[in-house]
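Chain by chain, the residues:
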Amino acid sequence: MLSRVADSIYWMARYVERTENLARLLLSTQDLLLDAGAEAADANQFWQPLLMATGDDERYAALYPAVSGATVAEFLTLRADNPNSMINSVRAARENARTVRDQISDEMWECVNGLRLFLDSSEARSLRQYQPAALFERVLISSYQFQGIAESTTPRGEIWHFLRLGTALERADKVSRLLDTCSGLPTEMAPHPGSRPLRWAALLRSCSAWHAFHALSAKLDPVKVIGYLLLNETFPRSITFCVNEVHSTLLALCGNGTMSEMEEPVRLAGRLAADLRYTTVEEVMEAGLHSFIDDLQTRFNDIGTSIFETFVLYADAVPVAPANRTTNWQQGAWHAPAAEDAQVQQQQQ
Amino acid sequence: MRLQVFHRTRYIYRVPVSDSYNEVRLRPVTNDTSRLEFFLLNVQPPVKLRHFRDSYLNYVHFFEISEPHRELSIEAQCTINTTSPYREGLPAGVEMGALALLEDDMLREFLDSSRYVGISPELWKLGLDITAGCTDVFTAAQQIRTYIRQNWTYAPNTTTASTHVSEVVESRSGVCQDFTHLMIGICRAIGIPARYVSGYLFNGGDASLRGAQASHAWCEIYVPGKGWFGLDPTNDTLADERHIKIATGRDYNDAAPVSGRFVGAQGATAALQVDLRIEELPP
Amino acid sequence: MASIFDDYRTDQFFDEVFSAPGVRRPHYGAVLDSIGGLNPVDFGLRQRTADNAFLRQGVTFTVYGDEQGTERIFPFDLMPRIIPRREWDRIEAGLVQRITALNLFLHDVYHGRKIISDGIVPASLVESASHYRPEFRGVKVPHNIYIHICGTDLVRDGKGDYYVLEDNGRCPSGASYMLENRNAMKRAFPGLLQSLPVRPVDSYGTLLRETLAHLAPPGVLDPVIVVLTPGVYNSAYFEHCYLAKQMGVPIVEGRDLIVRQDRVFMRTTQGLQQVHVIYRRIDDDFIDPLVFRKDSLLGVPGVVQSYQAGHVALANSIGTGVADDKAVYGCVPKMIKYYLDQDPILPNVPTYLGADDSECSYILDNLDKLVVKAVNESGGYGMLMGPHSTKKECAEFGERVKANPRNYIAQPVLALSRHPVFVQDHFEGRHIDFRPYVLYGDRVRVVPGGLTRVALKAGSLVVNSSQGGGSKDTWVLWEDRLDQVPGTAPASTPVA
Chain A
142 MLSRVADSIY WMARYVERTE NLARLLLSTQ DLLLDAGAEA ADANQFWQPL
192 LMATGDDERY AALYPAVSGA TVAEFLTLRA DNPNSMINSV RAARENARTV
242 RDQISDEMWE CVNGLRLFLD SSEARSLRQY QPAALFERVL ISSYQFQGIA
292 ESTTPRGEIW HFLRLGTALE RADKVSRLLD TCSGLPTEMA PHPGSRPLRW
342 AALLRSCSAW HAFHALSAKL DPVKVIGYLL LNETFPRSIT FCVNEVHSTL
392 LALCGNGTMS EMEEPVRLAG RLAADLRYTT VEEVMEAGLH SFIDDLQTRF
442 NDIGTSIFET FVLYADAVPV APANRTTNWQ QGAWHAPAAE DAQVQQQQQ
Chain B
-14 MRLQVFHRTR YIYRVPVSDS YNEVRLRPVT NDTSRLEFFL LNVQPPVKLR
36 HFRDSYLNYV HFFEISEPHR ELSIEAQCTI NTTSPYREGL PAGVEMGALA
86 LLEDDMLREF LDSSRYVGIS PELWKLGLDI TAGCTDVFTA AQQIRTYIRQ
136 NWTYAPNTTT ASTHVSEVVE SRSGVCQDFT HLMIGICRAI GIPARYVSGY
186 LFNGGDASLR GAQASHAWCE IYVPGKGWFG LDPTNDTLAD ERHIKIATGR
236 DYNDAAPVSG RFVGAQGATA ALQVDLRIEE LPP
Chain C
151 MASIFDDYRT DQFFDEVFSA PGVRRPHYGA VLDSIGGLNP VDFGLRQRTA
201 DNAFLRQGVT FTVYGDEQGT ERIFPFDLMP RIIPRREWDR IEAGLVQRIT
251 ALNLFLHDVY HGRKIISDGI VPASLVESAS HYRPEFRGVK VPHNIYIHIC
301 GTDLVRDGKG DYYVLEDNGR CPSGASYMLE NRNAMKRAFP GLLQSLPVRP
351 VDSYGTLLRE TLAHLAPPGV LDPVIVVLTP GVYNSAYFEH CYLAKQMGVP
401 IVEGRDLIVR QDRVFMRTTQ GLQQVHVIYR RIDDDFIDPL VFRKDSLLGV
451 PGVVQSYQAG HVALANSIGT GVADDKAVYG CVPKMIKYYL DQDPILPNVP
501 TYLGADDSEC SYILDNLDKL VVKAVNESGG YGMLMGPHST KKECAEFGER
551 VKANPRNYIA QPVLALSRHP VFVQDHFEGR HIDFRPYVLY GDRVRVVPGG
601 LTRVALKAGS LVVNSSQGGG SKDTWVLWED RLDQVPGTAP ASTPVA
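Residue numbers (the numbering used here), protein chains in the order written: chain A, 142 to 490; chain B, -14 to 268; chain C, 151 to 646.
Be aware that a few hints might be false.
As the list claims (entries may be wrong) - Computed footprint of chain B on chain C, listed as stretches where at least three residues anywhere in the stretch have a Cβ under 8 angstroms from a Cβ of chain B:
(1) 244 to 250
(2) 262 to 270
(3) 487 to 497
As the list claims (entries may be wrong) - EDC-like mimics (lysine to aspartate or glutamate), calculated; alpha carbons at most 20 angstroms apart, straight line:
(4) C:K395 <-> A:D435
(5) C:K264 <-> B:D17
(6) C:K336 <-> A:D247
(7) C:K395 <-> A:E248
(8) B:K33 <-> C:D268
(9) C:K487 <-> B:E49
(10) C:K487 <-> B:E56
(11) B:K211 <-> B:E60
(12) B:K110 <-> B:D121
(13) C:K264 <-> B:D4
(14) C:K487 <-> B:E73
As the list claims (entries may be wrong) - Some chain A residues flagged as far from chain C (calculated, every beta-carbon gap over 12 angstroms):
(15) S149
(16) L174
(17) A184
(18) Q189
(19) D198
(20) N225
(21) A238
(22) I245
(23) E299
(24) D321
(25) T322
(26) R346
(27) S358
(28) R378
(29) R408
These are computed hints drawn from the structure, not numbers from a lab.
The beta-carbon is built from N, C-alpha and C at its ideal position, and this holds for glycine as well.
If we strip away everything but chain A, and leave its shape as in the complex, we get:
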């Protein structure tokens, strides 16, 4: 497969996953506020973490004077000048899909193209204003559709592996950021049964983990929640599960090399998988959730970088010794520009 194509497929999957996570986060925060009752008076404590989870708090602060539900939702949903907004993620997913539409099934392409057309439509804008939940649900369903179509139409070859890599890494990254937003909260069990540990509940909901977690434990013990989202090996959105997925996918891509010939991404992912496997939640709490997650994020980034270097830059380093090694390789995938008009078009004259 072409390196550029691999890169685009990987990023297409990441952006679809990013969109889905954002939609779920917005939806669950909104639901939470409806449940919150009196506590909702200080709505900011619910919206601020969203900005942290997407890593956009600074950009937001530059644009808006204060944190409020309406502005945060606007900022994260249809704002074109926020590169991490939902619409920009969908555009990026769609642009990447467009460059590889000969490689993916027509149904996958139509699904992601349809989502972009929808978000650009006046219908989406009016839903955003009057029925935001319906908008987020629609985005979620499109993402599920996309994953389902991908699952049932993609041959289990390189394309599939790069799709899984993108999805799993993005998911691990987002869950870790969400966990991090809770790292400052008290982790003792709630003092009396009537009190509702709303933030922890919201965390579970925004990871689609509410039901799965409750099947294991009736009580909302924050440490157990952290352990579940971090270390559970069966729940498909736990970080450990995602890292195992990344590791097995990389093994499928690179083959089982010997230790000495092992490709860098396999080594990094394998080591992380092993570390997580032999870590207990108590150790995490002892070290501090925030610093543990900081370390995790660094390692996710390293894995991402080594995947890019191995599969995308790889080609240049192979057979014949290059006379003058080209260094002007641009990343193949399409990313949302910081400002909409910064898009540079190259075209045939």
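Dock chains B and C against the given chain A, drawing on the hints supplied.
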């Protein structure tokens, strides 16, 4: 039958040759039973292509390439609609005696010896033996055709384009061109005017029909009062709508699909590739 | 029976469907029965459904110089254009003849130049053509074929005769719309197509792949074929992708390819992989910055050297634009006579050359009656439609012709044929042209269909997608007439 023919002849030379002059007879005949819908001759290297019609009314395209070249490709394509000349029955009922009364000067040359067909006492005797007791012209010709098929072996690569009929009588083997020369010789020896036809045979996937891989040849005899009728001695059949007629003449020399000369070293021709495909089109 | 076509007017033009108001041509019979029976609301609904499907599938093109919606659908009209078998046979024969002659001409121009030394085509005309590539003189190309994929534009005049308007021998586009339009028709009128003797076009992908595979260097049995695109921002990117997908080959950009030791490789996740055939959708100028435009970022440095060394094949070959030149176009009938010893089956539109002094003054005297075109522009850019232009526009254009006469040709304004097109809630006549696709691999093949382009603006003669044109599906029939849709036979027909 609507047939599409693609026929490419490629000469590859070991060393560059020059001053090549060529004549090709590749344009199918249009007459009562075959209608040419499309014809195209593509010669590479590109040349100025011209044509004339020879004394047998064949279309002869000719061209010259004076500058050195290492390859010559002659590609003929055509779409043609054919019907069988026999669709109204066989031209039977003409007595051998009628042949003696023929006075048409045009037929003279189809009774005499020609370049590759010499009338010999041997052929005459063979003809009399085969047709002994037969008084019908067309039946006699059919007997000759069947006799050749039964007593001569189809053997590619044992003869060349310039094999004379006397050698064929001797070797008892040959290809369509040789069978046709032989049949012409026997017919002429007993007084039936006979001529050479070059063309294509569409075998429709029937591998038992020989001569479909390259240019084919068969024979036409003249039945007094009825005209020329084709018989295919190689396959022991009538020449019907599967036979696409291109050129006629006294023998191969008059109807050769490609003939020419060039200036070049001895044995300059390294390879001759013939690619012939005939497909049936929906009517 | 009332029909949606009852009020249709043919005016003074040659109409493809009606030989006179209310008098149908026999090859449209069954389709008129079927479509004519719909009410305008139903027809409009099907039309909108088709439009939405194109948008959803991203069957779009990019309009240059348009800041807004960068991608647009190519407007599609549901009423098919039908070509009876008799006409098609002639078109096909004419195209095979023409493409054969054009290839011989290119071969000749870059090698022996006999047609020039025999005085048939002036050397100055060839050498001044902007797409002539003197660098390619003497370069042997695979099988001596230069134009492998050709999209020749045909028009019909007021009498219904077909003429060749231009040959697109560089990177003709639109084949994907031919295929997608057929799919749209199948969805909009399920069952109708199956019941009619319409020749399928879906073999195009397979034929294209065969054509390209035929070019592979000798000895390569299973060649690696790629489609080279300038990138996602190119107006025809959808088409590049679509064709790659139809053929099952990768689509690459210049940066995906790299030349090492005169061989072309693509960068893959498994390392470098050699490429044998490139279906390039990048113009000559941009394909290799080492040879042509130094500033091109779209091309592949060294690919031309590799091509000359015979390690990679390009389709179309380099330098084919000389046959596209609108002044060289005027010589095509002479080429056909010269190389093939035949008369053209499809005639040219009469053409006046600016390069010729007497013809140039004719052009300048009759600007208001002629279509004047710059010889090296395509897509409807750089032309003057005399009768539809103001005096001032004519005068300005005249100055440009005077400044560089070689750069212009002129043709009489043809009363292009018209075809009914659905406008809001009824049918109106609009001018159309026709672009069939010719593939030259082992032999010349014409796909039985093509792209019928429609000038959507009333009275307009410009059909280009970039200038407000639309398209129609084109049905080539196995027969000469379409009397009725089988299965909807009148009750009086005896049933066996």
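Quick rundown of the hints versus the structure:
1. 244 to 250: Since 3 is at least three, the answer is holds.
2. 262 to 270: This one holds; 4 residues, not fewer than the three required, reach chain B with a Cβ under 8 angstroms.
3. 487 to 497: holds (count 5)
4. C:K395 <-> A:D435: Answer violated: K395 of chain C to D435 of chain A is near 43 angstroms, above 20 angstroms.
5. C:K264 <-> B:D17: At roughly 39 angstroms apart (the allowed maximum being 20 angstroms), D17 of chain B and K264 of chain C break the hint.
6. C:K336 <-> A:D247: holds (17 angstroms)
7. C:K395 <-> A:E248: holds (14 angstroms)
8. B:K33 <-> C:D268: At roughly 9 angstroms apart (the allowed maximum being 20 angstroms), D268 of chain C and K33 of chain B satisfy the hint.
9. C:K487 <-> B:E49: Given that 20 angstroms is the threshold and the Cα spacing comes to 16 angstroms, the pair holds.
10. C:K487 <-> B:E56: Roughly 23 angstroms separates the two Cα atoms, so the pair is violated.
11. B:K211 <-> B:E60: violated (36 angstroms)
12. B:K110 <-> B:D121: holds (18 angstroms)
13. C:K264 <-> B:D4: holds (14 angstroms)
14. C:K487 <-> B:E73: Status violated; Cα separation ~40 angstroms.
15. S149: violated (10 angstroms)
16. L174: holds (35 angstroms)
17. A184: Fine: 38 angstroms to the nearest Cβ keeps A184 of chain A off the interface.
18. Q189: holds (37 angstroms)
19. D198: holds (32 angstroms)
20. N225: For N225 of chain A, whose nearest Cβ neighbour in chain C is about 22 angstroms away, the distance exceeds 12 angstroms, so it holds.
21. A238: violated (9 angstroms)
22. I245: violated (10 angstroms)
23. E299: violated (6 angstroms)
24. D321: Fine: 32 angstroms to the nearest Cβ keeps D321 of chain A off the interface.
25. T322: holds (35 angstroms)
26. R346: holds (32 angstroms)
27. S358: holds (42 angstroms)
28. R378: Non-interface label stands for R378 of chain A: nearest chain C Cβ at 27 angstroms, farther than 12 angstroms.
29. R408: Consistent with the label, R408 of chain A stays out of reach of chain C, its closest Cβ about 18 angstroms off (over 12 angstroms).
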